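Chemist: Those protein sequence lines, which keep their order, are chains D and F. Quick note: the first sequence, position 28, residue 28 per our numbering, numbers continuous. Quick note: the second sequence, position 143, residue 143 per our numbering, numbers continuous.
Hint data in this document are derived by calculation from the structure and do not stem from the laboratory. Careful: at least some of the hints might be erroneous.
Remember, identical chains collapse to one label, so a pair may be satisfied in a single copy or spanning two.
Claimed, not checked - Once the Cα atoms are required to be at most 20 Å apart in a straight line, the calculated EDC-like pairs of lysine to aspartate or glutamate come out as:
{"hint": "1", "residue 1": "231", "residue 2": "119"}
{"hint": "2", "residue 1": "231", "residue 2": "145"}
{"hint": "3", "residue 1": "231", "residue 2": "77"}
{"hint": "4", "residue 1": "231", "residue 2": "16"}
Bear in mind that the values here come from a model prediction, so they are computed numbers and not experimental data.
Number of protein chains: 2
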Amino acid sequence: MTGTLYGIGVGPGDPELLTLKAVRLIAACPVIAYPAPESGASLARTIAAPHVPAGRIECPVRLPIEIERHPAQAAYDAGAALLEGHLAAGRDVALLCLGDPLFYGSYMYLHARLAGRFECRIVPGITSFAASAALTGHALAARSDSVAVVPVTLSDDEIGRRMAAHDSLVFLKPGRHFARLKALLTQHGLACSAVYVERAGMPGERCLTLAEAGQDEAPYFSLVLVHRRGKAWQ
Amino acid sequence: MTGTLYGIGVGPGDPELLTLKAVRLIAACPVIAYPAPESGASLARTIAAPHVPAGRIECPVRLPIEIERHPAQAAYDAGAALLEGHLAAGRDVALLCLGDPLFYGSYMYLHARLAGRFECRIVPGITSFAASAALTGHALAARSDSVAVVPVTLSDDEIGRRMAAHDSLVFLKPGRHFARLKALLTQHGLACSAVYVERAGMPGERCLTLAEAGQDEAPYFSLVLVHRRGKAWQ
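Next up, chain D with everything else stripped away, as it sits in the complex (with noise of 0.2 Å):
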């Protein structure tokens, strides 16, 4: 009998909001995983702390935290080759993944290596964008909104046609493209309803207007929210 494979969604940041099912898993997984940079303590490590019982097999899987970069093929392999000894014998796995495993997540590249050979199952989490959403009371879509998370890697001018074409939009990671981002929104009429968020449900979140949000460049963990009706409700 081989071992199963859970990716589970620990969600942004904070720890309750992982779902029961995914605590259940946690607690009942003789082998917990979990990405972890080179050095320091893995963040979906962190988030499912609390819910860690003493005495499972740790298992830090090195993947690139960079998710937005071509992914790592060798890192990928290595860390699918990690779990595939415990699950060849026989030993469940808690993948732990920050958000949502399949929406943005390293999990699916271990999923693809894996899946073929191994029970895979999912646990969906709470994604960053839903968590900054309920923090700032942003609705995010009502009736038959068109919802739209684009690349801040885009052109100005495709950036321009999604702002034109969707009721709602995420940006993820606006990172070093975030004076550019703020200028489409402003160029756009958009600015003074967007919502930016900074590491929401993490030590050190904050919620700002894009005007308080001065600076040029944005953390790793933070987005901005719009909608072009400015409350969805209305």
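Based on these hints, arrange chain F on the given structure of chain D.
Modeler: Frame of chain D, contents of chain F only:
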């Protein structure tokens, strides 16, 4: 002291997809409110049932279920007045919301009416599209993918433009537009990799390929997910 309104996402159907925060607040609030149809059980109340302690004040709020229609202002006014009675009397209210409160939910119309006068806090919930992606192993987005939630009520041309412009597409509640949507997906070469999910996390849940979903209309709780690359990790 007035009470606090908690808009609590209970996820799309599986009672284990409630977050710990949702469960804690449901247990702590003296009043449990939920949208309810004119007759029959409230779906949000049914999902949360294992977590609602006995002896709570129960407060069904009659709201239109068809959220894509123009909101029924009178129903929201009446619902807000109902909740206001409890809040003004100092009672905290847990308002149960299907999925996520701010993603196509009715919660926002009550929030709009009450947030100026009462403390309102929102607990994000798992959306039907995240739960459906998890059930089917359909990766929604990777790296710098563009994602769109596309209203099926748009014209063929407009839906076609969205299909061309985005890597990942989410079509919620295709309903009577299902045959047309399938034809458009075929026309744009996206039919083979599309995933169709009915009643995610509820009794009668079904996950099918588009070819297997032969009917012309889809039930109310259904959706279609598709990624331009087939698998987002490719």
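Chemist: Now, for every hint given, state plainly whether the structure supports it.
Modeler: Do the hints match the structure? See the list:
1. When the C-alpha separation of residue 231 and residue 119 is checked against a cutoff of 20 Å, the pair qualifies only between copies, where the shortest distance is 18 Å, while the shortest distance within a copy is 43 Å.
2. Proximity of residue 231 to residue 145 under the C-alpha cut-off of 20 Å is restricted to the intra-copy arrangement: shortest distance 12 Å within a copy versus 26 Å between copies.
3. Proximity of residue 231 and residue 77 under a CA criterion of 20 Å is satisfied inter-copy only: 18 Å between copies versus 45 Å inside one chain copy.
4. With identical chains, the CA atoms of residue 231 and residue 16 are never at most 20 Å apart, being 27 Å at best within one copy and 31 Å at best between copies.
Of the hints listed earlier, the one the structure fails to meet is number 4.
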